[in-house]
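Protein chains: 2
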Amino acid sequence: MAEGIEIICVGNELLMGKTLNTNAQWLSKRATVFGIAVKRVTVVADEVAEIASVVREALQRKPRFVMTTGGLGPTFDDKTLEGIAKALNRKLVVNEKALRMVKEKYDAYVRTEERLEMTPPRIKMATIPENTVPVANPVGTAPGVKVDLDGTILIALPGVPSEMEAIFEETIASLLKEASGGNVFSEKSIYADDIMESALAPLIDKVMHDNPAVYIKSHPRGQENKPHMEIHFSSTASVAEKLEERLQEAIIQLSSLIERTGGKAFRDDQAIC
Amino acid sequence: MAEGIEIICVGNELLMGKTLNTNAQWLSKRATVFGIAVKRVTVVADEVAEIASVVREALQRKPRFVMTTGGLGPTFDDKTLEGIAKALNRKLVVNEKALRMVKEKYDAYVRTEERLEMTPPRIKMATIPENTVPVANPVGTAPGVKVDLDGTILIALPGVPSEMEAIFEETIASLLKEASGGNVFSEKSIYADDIMESALAPLIDKVMHDNPAVYIKSHPRGQENKPHMEIHFSSTASVAEKLEERLQEAIIQLSSLIERTGGKAFRDDQAIC
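Just so you know, the sequences run in chain order X and V. Under this note's numbering, the first residue of the first sequence is numbered 349, with each subsequent residue one higher. Under this note's numbering, the first residue of the second sequence is numbered 349, with each subsequent residue one higher.
Hints listed in this document are in silico derivations from the structure and should not be mistaken for laboratory results. Hints should not be assumed to be uniformly reliable.
[Said to hold, decoys possible] In silico DSSO-like links for lysine-lysine, alpha-carbon gap of 30 Å or less:
no.	chain 1	residue 1	chain 2	residue 2
1	X	K494	X	K434
2	X	K494	X	K536
3	V	K574	X	K439
4	V	K366	X	K554
5	X	K574	V	K494
6	X	K554	V	K439
7	X	K366	V	K494
8	X	K434	X	K366
9	V	K434	X	K410
10	X	K366	V	K445
11	V	K434	X	K445
12	V	K439	X	K366
13	V	K445	V	K494
Nothing here was measured: the structure is a model prediction, and the numbers come from that model.
Kindly generate the complete structure, drawing on both the sequences and the hints.
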């Protein structure tokens, strides 16, 4: 069974550093909480050939989900669906259901008897790869797109964060939840002073060896000569209760190893041991 | 001549959504300002095989630069150099120069006659792929790594932002500047009210057609039914002065097209036309 998710973010503004990629973080957090591991995040330009390559490469790795963000709007450089069509070797067609969705939005916007004309940029938002399904956008105009491809579900979401998040919560979250088979993810951080990362490393090794289901990673927050360390514990399991116990055991073991070397371990402002 | 840069960010904390990828934005901004286009950003897990695949794929696309961030530290899951060694089919070796760099740091940290022991985690930071060059880290312990590969310069930087930025500014920025041949990048945003993105699209098309060296992208900041649009203009050129004129011409043309449709265009709080 295919596992995990790949996220593809489309947008020159990301590659220019104009925009911070908060969408990737938001989606990663949501997938992780559902127990679906994020395998890769790729950011590409608004170019059809580039988008098609990245989508094709992701599909070849056969994750359970491939999710794109960005490039669904009405402007000439919203090219994600063209890229996906190319990757899937399908035509772009005006989808009747998508067209109704877009029309209804514009009708609601004007709120008069006069209806907004369906200009080419507006019709573009309803033009999706053939044999794919439009997904309602509760807060914006461009629908998302979904297609099941031999075990991988490919989903295209808009780049405007509020729209991406709304479509995800309304339609996509339940797919991830179902795919994870009820897995739950949990994480906790503790902090350590007076121990260098290089001295902490073998202690973490030992605790991960003794607690194979817990993943531990140190993040230096001070400097090596004035060490302040965040230590992040995380785990995925099918029962939430065991998960908390599991993290707790690893935290207590590592904390006492740190104290034994003369370091201080604490959670927020409280000592652990 | 190879062009552009690919950025590879290594770290489970990014894929879990624990950490926002500010490193990718920071590097993208700096490269773009030097006139070097960022072609792709990839985020991968702390796994040797994954890192090796992503590095190999990036090198196959032959950009001028491949830059990695993260995974250079002393802990077991700092695996970037192992991944790069695998991608290049080279051995990992203790580099004498890197070892001196790491030793000097630890000697400075303790500031006594007693010297810190060079434990395996500390030696690990000086263990780099053979025939690569360690790059001094002005603010942390782990050196960066640099290697010229048949037209592509591969650079590994740490993931701690202050360390990554310091190594970049001290050693890498000049390489990018040189590669760009003195190109300069400039950008400006204007804002527009009372015009929908779908109505703006053909106007942007026209202005980009008339100003082929200027790239224009609209970013909806309101909602389609209460449109507030940021419109971002950018361009790269060899002479800074012409660049500003070029952006200015495109801005004036698009602003008057917007006003003609009944919309309002402004820069910060001032009307443009």
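Hint check results:
Under the criterion of a C-alpha separation no larger than 30 Å, the hint pairing K494/X with K434/X is consistent with the structure, at around 15 Å. For a cut-off of 30 Å, the pair hint linking K494/X to K536/X is broken: about 34 Å separates their Cα positions. In summary, the hint linking K574/V to K439/X is not supported, as the alpha carbons are separated by about 33 Å, beyond the 30 Å threshold. Taken as a hint, the K366/V and K554/X pair is honoured in the structure, with Cα atoms around 24 Å apart against an allowance of 30 Å.
With a C-alpha separation of about 28 Å, the suggested pairing of K574/X with K494/V holds against the 30 Å cut-off. In summary, the hint linking K554/X to K439/V is supported, as the alpha carbons are separated by about 27 Å, within the 30 Å threshold. Taking the CA atoms of K366/X and K494/V, the gap is near 27 Å; set against the 30 Å cutoff, the hint holds. Restraint check for K434/X and K366/X: the C-alpha separation of about 28 Å stays at or below 30 Å, so the hint holds.
Taking the CA atoms of K434/V and K410/X, the gap is near 23 Å; set against the 30 Å cutoff, the hint holds. At most 30 Å may separate the alpha-carbon atoms for a hinted pair to count; K366/X and K445/V exceed this at roughly 37 Å. Under the criterion of a C-alpha separation no larger than 30 Å, the hint pairing K434/V with K445/X is inconsistent with the structure, at around 49 Å. Restraint check for K439/V and K366/X: not satisfied, since their Cα atoms lie roughly 38 Å apart, outside the 30 Å limit.
Note on K445/V and K494/V: the hinted pairing holds, with a Cα-Cα distance of about 13 Å set against a maximum of 30 Å.
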